[in-house]
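J.: Quick mapping for you: the protein sequence lines, in order, are chains A and B. This note's numbering puts the first residue of the first sequence at 1, with every later residue one more than the last. This note's numbering puts the first residue of the second sequence at 573, with every later residue one more than the last.
Treat the hints as calculated values from the structure; they're not laboratory data. Just so it is clear, CB atoms sit at the ideal spot from N, CA and C, and this is done for glycine as well. Take these hints with a grain of salt, some might be off.
Under the rule of at most 30 Å between Cα atoms (straight-line distance), these lysine-lysine pairs were calculated in the DSBU-like manner [as the list claims (entries may be wrong)]:
hint: 1; chain 1: A; residue 1: 542; chain 2: A; residue 2: 350
hint: 2; chain 1: A; residue 1: 3; chain 2: A; residue 2: 21
hint: 3; chain 1: B; residue 1: 710; chain 2: A; residue 2: 453
hint: 4; chain 1: B; residue 1: 742; chain 2: A; residue 2: 512
hint: 5; chain 1: A; residue 1: 512; chain 2: B; residue 2: 597
hint: 6; chain 1: A; residue 1: 453; chain 2: B; residue 2: 597
hint: 7; chain 1: A; residue 1: 199; chain 2: A; residue 2: 180
hint: 8; chain 1: B; residue 1: 630; chain 2: A; residue 2: 3
hint: 9; chain 1: A; residue 1: 450; chain 2: A; residue 2: 504
hint: 10; chain 1: A; residue 1: 2; chain 2: B; residue 2: 574
If the Cβ cut is set under 10 Å, some of the chain A residues that face chain B in the computed set are [what the hints assert, rightly or not]:
hint: 11; residue: 309
hint: 12; residue: 329
hint: 13; residue: 364
In silico contact screen, one side only, chain B against chain A (beta carbon under 8 Å); selected entries [what the hints assert, rightly or not]:
hint: 14; residue: 605
hint: 15; residue: 634
hint: 16; residue: 638
hint: 17; residue: 640
hint: 18; residue: 678
hint: 19; residue: 682
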Amino acid sequence: MKKLLLGDFAVARGAWEAGAKVATAYPGTPSTEITEELARYDDVYSEWSPNEKVALEVGVGASIRGARTIVSMKHVGLNVACDPLFTASYTGVNAGLVIAVADDPSVFSSQNEQDTRVTAVSAQVPVLEPSDSMEAKEFTKLAFELSEQYDTPVILRVTTRVAHSQSLVELGERQELPLKNYEKNIAKYVMMPANARVKHTVVEERTAKLSADADTLAINRIEPGDTKLGIICAGGVYEYVKEALPEASVLKLGMVYPLPYKLIEKFAASVDRCIVAEELAPHIETLVKAHGIAVEGKNIFPRCGEFSANLIRRCILGEDTAAAPAQVPARPPVLCAGCPHRGVFYVLSKLKLNVLGDIGCYTLGAVPPLGSMDAVVCMGASIGMAIGFDKADPEAHKHSVAVIGDSTFIHSGITGLIDAVYNKAPVTVIILDNRTTGMTGHQNHPATGKTIKNEPTYELDLAEVCRAVGVPNVRTVDPGDLAETERAVKEELAKDEVSVIIAKKPCALLTKRLYKGFRINEKCKKCKACLKLGCPAIVNGKDGITIDVSLCTECGLCKGVCKFGAIEGEVQ
Amino acid sequence: MKSLDILIVGVGGQGTLLASRVLGKYALESGYDVKLSEVHGMAQRGGSVMTYVRIGEKIASPIIDEGRADLILAFEKLEALRYAHYLKPEGEILYSTQEIMPMPVVTGAAEYPKGIEEQLRGDGVDALDLALQAGNSKAANSVMLGALCKKLGLDREKFEAALLASIPQKTIDMNRRAFELGYAAV
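In isolation and in its complexed conformation, chain A is listed as follows (with noise of 0.2 Å):
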């Protein structure tokens, strides 16, 4: 049976298919929709950990007990995931473990552009690469094959325009496997540093064999065509070649790492002009060249941003259909109408404070007119730079925050509060508590007392978490109130101790209501106070200042912040 499926979703069914019985992983786009799927099963145990590492370390676990498992996260995640993925390449598996990583070229969701396949060269474990969601099924159950048959992890790397592109899927039945047998084997999985010399020599024979074998693993693939210009591709970049110059010779890669130098070397004596086209780093193209092999690739093609097939056809060929854009206002993403994060930036912003950001939907505080972020790095770094700065200027925690999401705080910013308290950093930490994982599509964490499959379990209390660790102000308040968050933000600044504040009230989106709106009446004197909240329901069009009651959500800060009465409609 044919099904049209998202490519997270092709590597979700993939491995149900190839027996799966373990899958974990943190939300993030573009990944997060192959654990959402893999939920759906109840043949898989499915778990949000709470951060990447853990859901590796829960992974490696499970493979090393037995059962096939696949862990998802985006590049950056991987950073994360690090620690254990470099020494569980020396360790091996027992049953299968797939590591599925969504790169994001072009930068649609992420902080950064970085290339998994680079990472997994330094980790030296073997990267599949598919090019749509047939393939991604596929691929996701080789890669569970491959990682038994040479006793090693197995990245399966997706980018966006793969992870989120829909196409046809042939379906076919999950394979029934038992849980294999463990065996107690200290020189294979107790990595001290005896066992880890033995095995770092046995990982260097793996890399020289699985490369070796690759030479005819028939996902490396030659379509031969016009001799004058061949083409090494792989992944979502194969489709645009395909589109772009259809009658040129074309070796696909199917695996990205190790490379089949025999198969390269083949191909590129058959054509005239060699070229690898791949996006962000030239990581085949540095390969193959320090193999010896002649290539063309970035001396022609970019480096940063995902290609397309009239990117292939300009840089080859020097054709490009591409008209010029009209000049019209930029439109950036904001914070949704009736987000609550918007009444603690408002009262930042008011404030002057310099805020050290997080990774969210929050960050989309630093757009204007709220503009108030200062800094955003990765997962969990907002406490970590509110105390830098502290070090730095011992003034400066009287003027500066932290702000960072109810589950960035659990996957990454607990530690850091721990430094704050034990390293005697007064600083003033606000988590912006809206009860989900916003930005990937609300996702439960710890702290909203639900599993992944909406399954009542304990709920992380962040009060008690913060009070546990050591910090001696603790209070909650409703980010709808700017009066009350304003008083708590300034009491707590002008504290010589670490506090924390708890801008508690749910993501605007979880209500899934219909609202009538609200409206601005006559006696609204034009003085644009409203406009400050940055909220996108409000207009100031050639009709006055408006509400747009398609995006207004009733949340009435807008009725907090207007001093002449003028917003009518009932708060909800």
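Use these hints to put chain B onto chain A, whose structure you have.
T.: Coordinates of chain B only, in the frame set by chain A:
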């Protein structure tokens, strides 16, 4: 139908994903190869979004390049203009006349362009007003899908069924009314 490349554009949250999935379902049920490409995550938060729908005998790239779209379905007027250069010379835009102010306009850093409609080749539909007539502003995407069905001469029964199968049960009546109003509008 030989092949059809449709770009769906709008403001994050307007339901461009629903529109692409309905088209995908329709194409699949009509026996075509189809690829859809979507934007999730950060770009959904009120930002400018685009979704590609490619239908044909055999589709390679899931994305549509500039200058190659047969039709643009735009849920907002400024977004229609932003992506108009994706059209083929003979391509057309089917757009909602709704205006949603981007934040640089709200803050006064930029102006919402005037005379957009004169620059667009295609048909405008007052989708917001028709959606309100149907019951709620949220039905605007069904209005646009009704208009699209008529514009492309798709099998109405099959297309409407693909839409109604993709939305919550309790909103079916409203969306059916919205589809009808959109169908009659072009």
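J.: Can you name, in rising order, the numbers of the hints this structure does not satisfy?
T.: Checked against the structure, no hint fails, so every one of them is satisfied.
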